[in-house]
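Taken in sequence, the protein lines are chains Z and W.
One rule links them: number in this note's numbering = place in the first sequence (from 1) + 158.
One rule links them: number in this note's numbering = place in the second sequence (from 1) + 1.
Derived by calculation from the structure, the hints in this document are not laboratory data.
C-beta atoms are modelled at their ideal positions from N, C-alpha and C, and glycine is treated no differently.
Some clues are possibly wrong.
With the C-beta cut set under 7 Å, the calculated list includes, among others, these residues of chain Z facing chain W [claimed, not checked]:
{"no.": "1", "residue": "LEU201"}
{"no.": "2", "residue": "PHE249"}
{"no.": "3", "residue": "PHE265"}
{"no.": "4", "residue": "GLY266"}
Output of the computed footprint for chain Z on chain W, the stretches with three or more beta carbons under 8 Å from beta carbons of chain Z [stated by the list, open to error]:
{"no.": "5", "stretch": "66 to 77"}
{"no.": "6", "stretch": "102 to 113"}
Using C-beta positions, here's what the derived DEER-type ranges look like [as the list claims (entries may be wrong)]:
{"no.": "7", "chain 1": "Z", "residue 1": "PRO212", "chain 2": "W", "residue 2": "ALA18", "range": "39 to 47 Å"}
{"no.": "8", "chain 1": "W", "residue 1": "ALA18", "chain 2": "Z", "residue 2": "THR178", "range": "43 to 51 Å"}
{"no.": "9", "chain 1": "Z", "residue 1": "VAL211", "chain 2": "W", "residue 2": "GLY30", "range": "23 to 31 Å"}
{"no.": "10", "chain 1": "W", "residue 1": "ILE64", "chain 2": "Z", "residue 2": "GLN238", "range": "45 to 53 Å"}
{"no.": "11", "chain 1": "W", "residue 1": "THR66", "chain 2": "Z", "residue 2": "ILE163", "range": "17 to 25 Å"}
{"no.": "12", "chain 1": "Z", "residue 1": "PRO212", "chain 2": "W", "residue 2": "SER42", "range": "42 to 50 Å"}
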Amino acid sequence: DAGVIQSPRHEVTEMGQEVTLRCKPISGHNSLFWYRQTMMRGLELLIYFNNNVPIDDSGMPEDRFSAKMPNASFSTLKIQPSEPRDSAVYFCASSLDRAPGERPQHFGDGTRLSIL
Amino acid sequence: DAKTTQPTSMDCAEGRAANLPCNHSTISGNEYVYWYRQIHSQGPQYIIHGLKNNETNEMASLIITEDRKSSTLILPHATLRDTAVYYCIVRDYLTGTASKLTFGTGTRLQVTL
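Only chain Z is shown next, with the shape it has when bound in the complex (with noise of 0.2 Å):
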């Protein structure tokens, strides 16, 4: 079964310049989170969705940051405009919340995005 899959794997761009970051979740999956990952913070959850809908945004840094979910297998982060210190790995990861507990999140390669 493929899991989950994101593109691209690698972004380099400008400063000011719009990035769009996208994530396929595996089939079935109702619940999808965004994680970014840097040296000094380490692993981070952005956001996340749960049947579609957005449940939890606090970590969403800033106005410049946006995610959306349009239907069950995909979703975008868009970041705009891009700044330097928004480089990092961006994991997106999914996960069947069928029952309480039974939850655990399977996570793609990630993106690793550096602003220029």
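Given chain Z's structure and the hints, the job is docking chain W onto it.
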């Protein structure tokens, strides 16, 4: 979610069992213990989880103390490919919708020849 404490780093010889401890002294009755690992440049990988009974799967075993204040992840025969950062996370299981994982700094396991 309850906070966890793990050693910063550990070494293990290849072929030997790797025992990774985790303290979660403030865990509540509603919280599971989850273990993930992250191999360099890859996304975190789910390993195992449990509530109060010991658990085993094809990757590892999870031993939870009777008072549930600590646990140990056991990799029975460590290989070089098990070199990674291992995260112990406790997480409420009664949340009606998805609940988030809070990653700490984890234990960096180095498996050596």
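Sort out which numbered hints this structure fails and list those numbers smallest first. 5, 11 and 12
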